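*Asks:* Single-letter residue listing:
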Amino acid sequence: MRRDEVLQTLAKHRTNEVVLTTMSVAQEWPAYSQSEFDFNAIGTGMGHLPDMALGVAVACPDRKVLCLNGDGSMLMNLGVLVSIANTAPTNLILFVFENEIYEVTGGQPIPGRGRANFAAMAQGAGFAHTFEFSDLTAFDKELPTILRLEGPIFVTVQAAPSGKPLSTKAIPVRAAARALRDSLTRSQR
Amino acid sequence: MLQPKTIIEQLKKCGITHVVWLPDSESKFMYDALQAEQDLGFIPVCREGEAFAVAAGLWMGGKTPVILIQNTGLFESGDVLRGTALGLEVPLLMMIGYRGYMEMKAGKQPFDTAAVYTEPILNTWGIPFHHIETDADTAKIAEAFKQAQEISRPVAALICVEYNE
Numbered sequence: 006m007r008r009d010e011v012l013q014t015l016a017k018h019r020t021n022e023v024v025l026t027t028m029s030v031a032q033e034w035p036a037y038s039q040s041e042f043d044f045n046a047i048g049t050g051m052g053h054l055p056d057m058a059l060g061v062a063v064a065c066p067d068r069k070v071l072c073l074n075g076d077g078s079m080l081m082n083l084g085v086l087v088s089i090a091n092t093a094p095t096n097l098i099l100f101v102f103e104n105e106i107y108e109v110t111g112g113q114p115i116p117g118r119g120r121a122n123f124a125a126m127a128q129g130a131g132f133a134h135t136f137e138f139s140d141l142t143a144f145d146k147e148l149p150t151i152l153r154l155e156g157p158i159f160v161t162v163q164a165a166p167s168g169k170p171l172s173t174k175a176i177p178v179r180a181a182a183r184a185l186r187d188s189l190t191r192s193q194r
Numbered sequence: 197m198l199q200p201k202t203i204i205e206q207l208k209k210c211g212i213t214h215v216v217w218l219p220d221s222e223s224k225f226m227y228d229a230l231q232a233e234q235d236l237g238f239i240p241v242c243r244e245g246e247a248f249a250v251a252a253g254l255w256m257g258g259k260t261p262v263i264l265i266q267n268t269g270l271f272e273s274g275d276v277l278r279g280t281a282l283g284l285e286v287p288l289l290m291m292i293g294y295r296g297y298m299e300m301k302a303g304k305q306p307f308d309t310a311a312v313y314t315e316p317i318l319n320t321w322g323i324p325f326h327h328i329e330t331d332a333d334t335a336k337i338a339e340a341f342k343q344a345q346e347i348s349r350p351v352a353a354l355i356c357v358e359y360n361e
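Note that the protein sequences, when read in sequence, are chains A and B.
The first sequence runs 6 to 194 under our numbering.
The second sequence runs 197 to 361 under our numbering.
These aren't lab readings, by the way, just hints derived from the structure by calculation.
Keep in mind it's a predicted model, so treat the numbers as computed, not measured.
We treat Cβ as the ideally placed atom computed from N, Cα and C, and that holds for glycine.
No false leads were mixed into what you were given.
Which chain B residues face chain A? A few, computed with CB under 7 Å, are given here: (1) Cys242; (2) Arg243; (3) Ala249; (4) Ala252; (5) Gly257; (6) Gly279; (7) Leu284.
The whole structure should be built from the sequences, with the hints applied where relevant.
*Replies:* Structure follows, in structure tokens:
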């Protein structure tokens with residue numbers, strides 16, 4: 006399956022969850038979603054989206070938080086798997102898009118390509134549930150159930166690049182962060 | 197003398213909701229005192245860089261976090277401090293254990309180079325900082341917090357000595 010197919014499937018099932026994205030997913034997700042609860046992190050600390058999602062999940066326990074991370078980004082900060090499992094927010098779902106390359110830098114293979122197993126790492130870290138998908142039909146079928154489960158949940162999707170040029174449009178992250186804060190604060194009143 | 201309860205009183209005064217931390221020599225006596233606080237959320241992390249992103253997420257969710265790390269961890273956190281805390285303009289109080297400060301202040305050879313680089317690094321990032329050496333200095337914590345809100349940037353309270361019971 007391709008990443009654009011996975012993102013369209015996520016957009017189809019997503020309701021009012023917060024969605025945090027980074028790297029190539031952040032460049033592509035806006036084509037499928039323009040929600041006030043989206044935050045597309047371009048230019049923020051590399052590898053640190055799951056920690057940001059942990060903070061949002063703890064701050065907003067009544068709202069699901071979906072973190073759409075890449076495999077290269079995940080490798081930069083594996084310790085956060087333990088931090089998430091330790092704090093154990095039940096509303097956090099961490100997705101890792103596995104394309105086994107550094108796509109935005111030209112397609113170099115990531116370390117551990119074909120050997121490292123992210124779901125096994127998450128399970129070992131203590132996540133409540135882990136899932137692995139390589140088939141779009143199975144992902145489409147299981148996603149509604151996953152969105153209802155108590156987490157923290159870890160999901161890997163083996164998704165090839167979409168084959169489309171990635172957007173080079175700058176994302177104003179400062180304004181976007183404040184907009185998300187405003188939306189989340191307002192919705193908690 | 198720097199007592200944990202004095203620090204916690206200052207954090208409460210600032211309306212801090214969560215403490216994100218990784219233990220260090222300067223803050224080890226804070227651990228039990230913080231654990232006993234029912235009104236403060238407590239989020240341990242595995243590496244200091246995580247603390248900045250967790251804090252940013254808490255802030256985006258409408259909360260008021262503080263991070264508690266050592267200067268050694270500050271050095272490790274460069275990219276997330278740049279891209280997330282400064283990049284998103286998070287008004288963040290950073291309490292940083294200042295390893296080696298007292299030796300350096302006394303003109304002795306510090307244990308390592310951590311103290312030597314701390315203030316130059318903060319100056320390079322454009323992050324204001326305040327020294328906290330005794331209980332008499334703890335009002336500076338509330339001042340640092342207020343300053344962070346006013347300039348919408350991280351501000352550091354440098355914990356220059358170990359907390360004592």
